[in-house]
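Novice: Here is what each chain is made of, one letter per residue.
2 protein chains.
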Amino acid sequence: MSDTIRIALDAMGGDAGASVVISGAALFLERKPGVRFRLYGDESVVAPLLEAYPALKAASQLTHTSVQVQMGDKPSQALRKGRRVSSMWQALDAVRLGEADVAVSSGNTGALMAMAKFCLRTMAQIDRPAIAGLWPTLKGRSVVLDVGASIGADSAHFVDLAIMGAAMASVILNRPRPTVGLLNVGVEEVKGLEEVKAAGRILRALPNQNFSYLDFIEGDDIGKGVADVVVTEGFTGNIALKTAEGTARQIATIMREAMASSLMAKIGYLFARGAFQRIREQMDPRRVNGGVFLGLDGIVIKSHGGADALGFAGAIDIGYQMVEQKLLERIREALTQARELSPPSPPAPGSANVNLPADRKQQ
Amino acid sequence: MSDTIRIALDAMGGDAGASVVISGAALFLERKPGVRFRLYGDESVVAPLLEAYPALKAASQLTHTSVQVQMGDKPSQALRKGRRVSSMWQALDAVRLGEADVAVSSGNTGALMAMAKFCLRTMAQIDRPAIAGLWPTLKGRSVVLDVGASIGADSAHFVDLAIMGAAMASVILNRPRPTVGLLNVGVEEVKGLEEVKAAGRILRALPNQNFSYLDFIEGDDIGKGVADVVVTEGFTGNIALKTAEGTARQIATIMREAMASSLMAKIGYLFARGAFQRIREQMDPRRVNGGVFLGLDGIVIKSHGGADALGFAGAIDIGYQMVEQKLLERIREALTQARELSPPSPPAPGSANVNLPADRKQQ
Numbered sequence: 009m010s011d012t013i014r015i016a017l018d019a020m021g022g023d024a025g026a027s028v029v030i031s032g033a034a035l036f037l038e039r040k041p042g043v044r045f046r047l048y049g050d051e052s053v054v055a056p057l058l059e060a061y062p063a064l065k066a067a068s069q070l071t072h073t074s075v076q077v078q079m080g081d082k083p084s085q086a087l088r089k090g091r092r093v094s095s096m097w098q099a100l101d102a103v104r105l106g107e108a109d110v111a112v113s114s115g116n117t118g119a120l121m122a123m124a125k126f127c128l129r130t131m132a133q134i135d136r137p138a139i140a141g142l143w144p145t146l147k148g149r150s151v152v153l154d155v156g157a158s159i160g161a162d163s164a165h166f167v168d169l170a171i172m173g174a175a176m177a178s179v180i181l182n183r184p185r186p187t188v189g190l191l192n193v194g195v196e197e198v199k200g201l202e203e204v205k206a207a208g209r210i211l212r213a214l215p216n217q218n219f220s221y222l223d224f225i226e227g228d229d230i231g232k233g234v235a236d237v238v239v240t241e242g243f244t245g246n247i248a249l250k251t252a253e254g255t256a257r258q259i260a261t262i263m264r265e266a267m268a269s270s271l272m273a274k275i276g277y278l279f280a281r282g283a284f285q286r287i288r289e290q291m292d293p294r295r296v297n298g299g300v301f302l303g304l305d306g307i308v309i310k311s312h313g314g315a316d317a318l319g320f321a322g323a324i325d326i327g328y329q330m331v332e333q334k335l336l337e338r339i340r341e342a343l344t345q346a347r348e349l350s351p352p353s354p355p356a357p358g359s360a361n362v363n364l365p366a367d368r369k370q371q
Numbered sequence: 009m010s011d012t013i014r015i016a017l018d019a020m021g022g023d024a025g026a027s028v029v030i031s032g033a034a035l036f037l038e039r040k041p042g043v044r045f046r047l048y049g050d051e052s053v054v055a056p057l058l059e060a061y062p063a064l065k066a067a068s069q070l071t072h073t074s075v076q077v078q079m080g081d082k083p084s085q086a087l088r089k090g091r092r093v094s095s096m097w098q099a100l101d102a103v104r105l106g107e108a109d110v111a112v113s114s115g116n117t118g119a120l121m122a123m124a125k126f127c128l129r130t131m132a133q134i135d136r137p138a139i140a141g142l143w144p145t146l147k148g149r150s151v152v153l154d155v156g157a158s159i160g161a162d163s164a165h166f167v168d169l170a171i172m173g174a175a176m177a178s179v180i181l182n183r184p185r186p187t188v189g190l191l192n193v194g195v196e197e198v199k200g201l202e203e204v205k206a207a208g209r210i211l212r213a214l215p216n217q218n219f220s221y222l223d224f225i226e227g228d229d230i231g232k233g234v235a236d237v238v239v240t241e242g243f244t245g246n247i248a249l250k251t252a253e254g255t256a257r258q259i260a261t262i263m264r265e266a267m268a269s270s271l272m273a274k275i276g277y278l279f280a281r282g283a284f285q286r287i288r289e290q291m292d293p294r295r296v297n298g299g300v301f302l303g304l305d306g307i308v309i310k311s312h313g314g315a316d317a318l319g320f321a322g323a324i325d326i327g328y329q330m331v332e333q334k335l336l337e338r339i340r341e342a343l344t345q346a347r348e349l350s351p352p353s354p355p356a357p358g359s360a361n362v363n364l365p366a367d368r369k370q371q
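If you read the protein sequences in the order shown, they are chains X and F.
Heads up, the first sequence is in the numbering used here, so the first residue is 9 and it goes up one at a time.
Heads up, the second sequence is in the numbering used here, so the first residue is 9 and it goes up one at a time.
Hints in this document: simulated from the structure, not taken from any laboratory.
Note that the coordinates shown come from a computational prediction; the quantities given were computed from them, not determined experimentally.
Hints should not be assumed to be uniformly reliable.
Treat identical chains as interchangeable: a pair holds within one or across any two.
Claimed, not checked - Mimicking EDC-like on lysine to aspartate or glutamate, the simulated pairs with C-alpha atoms at most 20 Å apart in a straight line are:
1. K205 <-> E265
2. K147 <-> D316
3. K89 <-> E51
4. K147 <-> E59
5. K65 <-> E38
6. K232 <-> D50
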């Protein structure tokens, strides 16, 4: 890696396509004038857009691609038509070839993950990559993972998620030793899935990690910011994330309707406009845009398909920080340390062996 | 069942105990003066409270119990010390003996479920009981189940949840044929857990049910009110519910702080007080208090431990409606019909047989 951070952008991804990508990149370049971009997309679309941003044009190298992964493409379709030739693939391939340090795309998540696995491969110590999201909390932000890549998990996968999530949190939240909670249910009858209980036993026994393990937490602890890192598998994580987004939108709708429901309410709204602006800012999804693909041999950031330029710049910023703070090295070191230090798993009543083998790679 | 609806109350459950139970019952009696109560609790505590409500006292029969299940008791502890003798057990036993039509408790959920299974047993066609909750949505309310009783589920259990949830929704939402959605993830790469996919195939093929099947829905569809009934297993359901509660509380905190952050905001708040009241009412958890235990040979309602009198009266009301509209008969009929109509399951690529056996009861 050279000292200059080089960012590969899939210029064709997202609902709005190249215009958001280019204006987002321009915005980010104002913050960090030292970065360089590699842009992949249809030259006839991207080149004219670049004309409006001379600084960005000077800092970028545009490679023409004629194929574009659509938002509705299935991963298999995207791979068939887009492998090697699409803007998405080329951005990932730049990372693989060492020509870029990170790839950012707002293209469709499933296709991006499938291509990233195919192009970059997983880290030597990791079987299944995960997607980590940033979750706004009352204390700031937390890293929540997996939010949808790996469906179902054994105890060892939960431990990998904890280690990778902690490495990401140490970078993005600037915590030397972030706290980690394992998401579980609070109903006393049932103490949760077997795999989650087994993961809890392993995590409790792991000494000197890159994180401080808090044990089980519940769904309502996420928003309180109880843990810097919230570990769950992709099915529950995706549903929890979307349920929270749905709840936030639902309340926003109720508020909007209530504040327009009477003259008094409208007057009140005018007086309190600054406060409402503050609420909107604290709930602004652009503050937390950027899903980080973890467990791959390269850094990939997924920007939300509906993000605007500010949101896309935020996703680039997350990728930038991951590169600058050497996320991959941190993860590799932490995984190696965990594999070395991993004690024989404490006996679980009636459960299968949950020990961490030194290398679970199966390819 | 006599024409008079008879309600058994665990008078000692909940954070506040008997005072909330008694004042909640009094409140409900004002709405439905025809009901009769059986109260179970410490006579020295409950009898003095009843003095303040002559009408309730006249409509109630108090049975002294000396043992009380604590909120922190584990289910096994609760069963050991509270079986036969506790207020919780006695309320359930009144339903078993046909002396009451429904039991309502705000005691600890795990203990209540364990005792209910032990005392009332499951319906002939059901292996595992579930807890159904009411979820406030933009369109009104939806039934969400399971929110924490059964952890993990096979495809047949999902189908049972759909059938039982639809019966409850037809009563409580007054829908002759409610819509049912199966909660799944939206990331394209992965179409969800095998069991969920298999359940989807069965539900799509079931003809003429007591519900209209909408297919998969995602976490953010719950708050929109896309489906009258949202089906998921207890691990994910509990985490989704608590995550949504946490998000609502988080936003309420942000709003409170914002509206107190400046003089202008405070003035605005005064003008818009009515609108804020409306928001509070729409988000009031007391509107949706009352978890319904489904799949048991008797109706049991769990009121939230922290509910006040109004909330507890709401939980009684849910139980009342379930009795009045013959929930158990509806469930039994729908289950029988489904077992009869259940077609051979359509072939699932590479999956095990997911057919519905006529009787999966294993006791």
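Novice: Hints the structure violates: just list their numbers, smallest first.
Specialist: 1, 2, 4, 6
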